[in-house]
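**Student:** Read off the chains here:
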Amino acid sequence: MTKLLEVADLRVHARGAALLDGVGFSLEAGETLGVVGESGCGKSLLALALMGLLPTSLTASGSVRLDGADLLGLAERDMCRVRGARIAMVFQEPRLALNPVQAIGRQVAEGMRLHLGLGRATADARARTLLDRVGLAAVSADAYPHMLSGGQLQRVMIAVALACDPAVLIADEFSTALDMTTQAQIVALLAEVAHATHMALMLITHDLGLVSHVADRTMVLYAGRVAEIGPTRTVFAARLHPYTQGLFAATLHGTRAAPGQMLPTIPGQVPNPFARPAGCAFAPRCGRVRADCEAAPPALEGDLHRVACLHPLPVA
Amino acid sequence: MSGAVLLSRSFRPHPSLLAGAMLLALVLAPSLLSAVWTPWPPLRLDIIHRLAPPSAAHWLGTDPFGRDLLSILMVGARNSLIVGVAAIALAVIIGIPAGLAATGRGIPAMAVSRATDLGLAFPPLLTAAMVVAVYGAGMTGTILAIALFNVPAFVRLTRTQAASVLSRDFIAAARVAGRGRAAVLAVHVLPNIAGTLVVQATLALALAALSEAGLSYLGLGVPPPAPSLGRALADYQTRIFDDPLLVVAPGAVIALLVLGFNQLGDGLRDLLDPRIGR
Amino acid sequence: MTELLLRAEGLVRDYDAVGGARRRVLHGIDLAVAASETLGIIGESGSGKSTLARMLMGLEAPDAGRVIFRGVDLFGADRAARRAIRPQIQAVFQDPYGSLDPRQRIGRIVAEPLLASGVPRGAREARVLAALHAVALPESAALRYPHEFSGGQRQRIAIARALVTRPALVIADEPVSALDVSVQAQVLNLMLDLRTKLGLAYVFISHDLAVIRHVAQRVLVLEAGRVVEQGETASLLDAPQHPFTRRLVAAMPAAIAEMGVLHER
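Residue numbers (the working numbering), protein chains in the order written: chain A, 1 to 316; chain B, 1 to 278; chain C, 1 to 265.
In isolation and in its complexed conformation, chain A is listed as follows (with noise of 0.2 Å):
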């Protein structure tokens, strides 16, 4: 059976140093794939790259696949036909990334009649139906961003997303501009939507407790390779990778450490694209690093449950 997005090999390059490097993952449909890091791991150039809007100084190698056809090697025009349509994404300041000037309902419809073909009336009325479904039921059409709170405007980016029904929906650290509170709703809006649906969804985070309530899988990304990647259940609780278990132990809200009590932290910073280690991007941060660390990079091993280390941590 054919995975609905099949990523494989992938690498981003800039000027010689590669920003991604050769990222491979497979999402199916219905699906909701975590994908967890800290800046400079490559994260929002991966939903970059699968949607096609890379800057045109950086190169992208490798292949994806949506439903077995490549999307690397399409024109500009032929991938302006899949985004929006077959793959959408959300951004993280809606402020931004909606127009200001142009009535929500609009902004919704506009994707319906450029994709689908349908005339004013009828995506209105779809539009207006959307913003419903998303929790706006008592926000007019015709409100223009500025009206409208954060959480409010996030709601509208989905509407938008969701418009043309695509397969895949790509959030890129969506709730970071939140309120808690807000966060928490907006998420589990996202996640229930994809549900209903049968959409797949990538969900792009720092925030591990986000991942863990809504993932089926989770994917944590290091210096533009993957580190691990398995069932979120599995991934959580063993925390292979040494990055995982450096990354869990930081999180305030991963450990019930005591309040004013040191957090255990991970030594060094994340190395600079252009200066990356020979060896394993993590060595020079893990405890657990060996010689053999030092030579290649370690390949992704495993069969569900995968990871990208020589000496990964023992299963408890």
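It should be emphasised that the hints constitute simulated quantities derived from the structure, not laboratory data.
Note that this is a predicted model, so its numbers are computed, not measured.
Heads up, some of the hints might be wrong.
To give an idea of the interface, some chain B residues facing chain C are shown, with a C-beta separation under 10 Å as derived from the structure [what the hints assert, rightly or not]:
hint : residue
1    : P39
2    : S113
3    : A115
4    : D169
5    : I171
6    : A172
7    : R175
8    : R179
9    : G180
10   : A182
11   : A183
12   : A186
Computed, partial: chain B to chain C, Cβ under 10 Å [to be verified]:
hint : residue
13   : P53
14   : P54
15   : R168
16   : A174
17   : V176
18   : A177
19   : V187
20   : H188
21   : P191
22   : N192
23   : F241
24   : P244
Don't be surprised by glycine CBs; every beta carbon is placed ideally from N, CA and C.
On the provided structure of chain A, position chains B and C as indicated by the hints.
**Tutor:** Coordinates of chains B and C only, in the frame set by chain A:
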């Protein structure tokens, strides 16, 4: 993401910057030279050789009074540059501090803002004509006129740029550190807006050169017999079909000046802007 | 009896909103901070916490009410008195990319509070280096520019700047919110360590209850410009009284290690 975006900028010398610099050099070199040497004294009459075509003796030919066209253009360009640079320098010296002062909250700030709005309401050429009518024609009058109608633009630009820098956290940090308002403006705001102001000044120079030519053309600029590009156009325009070079040459020099400054400004803008901020 | 460092009484602030009406952002806030204590202020967007932060830093004057630091009215006292206490209240801001002047070298940035209080040059250099050392940055950092550092490093620089005058109180406005998880932990550890070593008092403002729980002994809950609940952090979080506090506590993700995965199909 910001890392990736930074990487996507390449560091080649900007084409506009080079083009602008070269065009200006084309005009700058001869005009600077004219301070010490011109092929012929520009005011020297030589009626016998009037309206001569270009030759070894007169590279661009002569005008209706036998004066060497090249020498006239060299000195005329020099005058244009002097007027332009002096006028913009004056506008900057007055405009930038006024713009910084206008970011305050008291009465002086309001007064500066209202005065600027008033200044911007007047058409530039009208302002120039008024100044010249009061002050009299001549280099000083022209410089004052052009400076005057440039001041409001610099005040306004400085004020808006400064206002946007003032809203950033490092300004609050400076005030928490104990810096007074004036110190914050001088130490933190000015260096961060300098790039934009330099670009604006360069583009203003282009317009200033054009304004000088325009004023001289209308007879309001540098008075005869001093060579002037604009007045040359006015004097020779009736001969455009008989001796086109007389009109094309001064026009071309004006165009080179304006184009050169514009390209320089564009190149500077692209060069400086990405460095400001993250 | 620990000294009372900061006292705020009846702080009110109004803004001119679009359409001519005046909008009240703070409705009479009272608070107090004792020496070496960390007071947490939790609020969401629109709660007025940023305005309150600026008032406590002495940057924005209230329309009514007073902020008193060691007996000196931050906005009402004469210039000399305000100047004298300025070095004792310092601040750390949220955005590591916006709180350092991109055009200045680190050494100059960290030295700025000393410049304003007239410390002579030799002493300044020594204190800057000591401050950089305290935040675990090398001496060579003083010669470099902000853009050469990561977000976490820039926050350390901002903390070094806040420490250089040996203040009694540091107002921290969302100091770790813009940082990655593992970097947050590093910076929080640093702030806790400095608290122990230097006896610093903090006013720690955040929208993240987990962070507040970790650093603050007492907490003030701010909603729409009003203090709706306050008290000792542990007891407030165990038994929140006000509905808003309850919502905040409920939104705190439970410890991941405990729950495994909540998601069910």
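**Student:** Decide, hint by hint, whether the structure agrees.
**Tutor:** Each hint tested on the structure:
1. Interface hint at P39 (chain B): violated, since its Cβ lies 48 Å from the closest Cβ of chain C, which is beyond the 10 Å cut-off.
2. Restraint check, S113 (chain B) versus chain C: the minimum CB separation of about 18 Å is more than 10 Å; hint violated.
3. Because the smallest distance between the Cβ of A115 (chain B) and any Cβ of chain C comes to about 24 Å, over 10 Å, the interface hint for this residue is violated.
4. This hint holds: D169 (chain B) has a C-beta 4 Å from the nearest C-beta of chain C, less than the 10 Å allowed.
5. The criterion of a C-beta within 10 Å of any C-beta in chain C is met by I171 (chain B), whose closest approach is roughly 8 Å, and the hint holds.
6. Because the beta carbon of A172 (chain B) sits about 6 Å from the nearest beta carbon in chain C, less than 10 Å, this interface hint is met.
7. For R175 (chain B), the interface hint holds, the least distance from its beta-carbon to any beta-carbon of chain C being 6 Å, beneath 10 Å.
8. Proximity of R179 (chain B) to chain C holds as hinted, the smallest CB-CB distance being about 5 Å (cut-off 10 Å).
9. Interface hint status for G180 (chain B): upheld, as the beta-carbon distance to the closest one in chain C is roughly 8 Å, under 10 Å.
10. For A182 (chain B), the interface hint is violated, since its Cβ never comes within 10 Å of a Cβ in chain C; the closest pair sits about 12 Å apart.
11. Interface restraint check: A183 (chain B) against chain C, minimum CB-CB distance 8 Å, threshold 10 Å, status holds.
12. Hint on A186 (chain B) is violated. Least Cβ distance to chain C is approximately 12 Å, over the 10 Å limit.
13. The beta carbon of P53 (chain B) is not positioned within 10 Å of any beta carbon in chain C (closest approach about 56 Å), and the interface hint is therefore violated.
14. At about 52 Å, the closest approach between the beta carbon of P54 (chain B) and any beta carbon in chain C exceeds 10 Å, and the interface hint on this residue is violated.
15. Annotation: R168 (chain B) was flagged as interfacial toward chain C, and the flag holds, the nearest CB pair being 5 Å apart, inside 10 Å.
16. The closest approach between the C-beta of A174 (chain B) and any C-beta of chain C is roughly 6 Å, which is under the 10 Å cut-off, so the hint is satisfied.
17. Interface hint status for V176 (chain B): upheld, as the beta-carbon distance to the closest one in chain C is roughly 5 Å, under 10 Å.
18. The beta carbon of A177 (chain B) comes within 4 Å of a beta carbon in chain C, closer than 10 Å, and the hint placing it at the interface holds.
19. At its closest, the beta carbon of V187 (chain B) sits 8 Å from a beta carbon of chain C; the interface hint therefore holds under the 10 Å criterion.
20. The criterion of a C-beta within 10 Å of any C-beta in chain C is met by H188 (chain B), whose closest approach is roughly 5 Å, and the hint holds.
21. A least Cβ separation of about 4 Å between P191 (chain B) and chain C falls short of the 10 Å threshold, and the interface hint therefore holds.
22. The closest approach between the C-beta of N192 (chain B) and any C-beta of chain C is roughly 6 Å, which is under the 10 Å cut-off, so the hint is satisfied.
23. Restraint check, F241 (chain B) versus chain C: the minimum CB separation of about 57 Å is more than 10 Å; hint violated.
24. Checking P244 (chain B) against chain C: minimum C-beta separation of about 52 Å lies over 10 Å; hint violated.
Checked against the numbered hints listed earlier, the structure breaks hints 1, 2, 3, 10, 12, 13, 14, 23 and 24; every other hint is satisfied.
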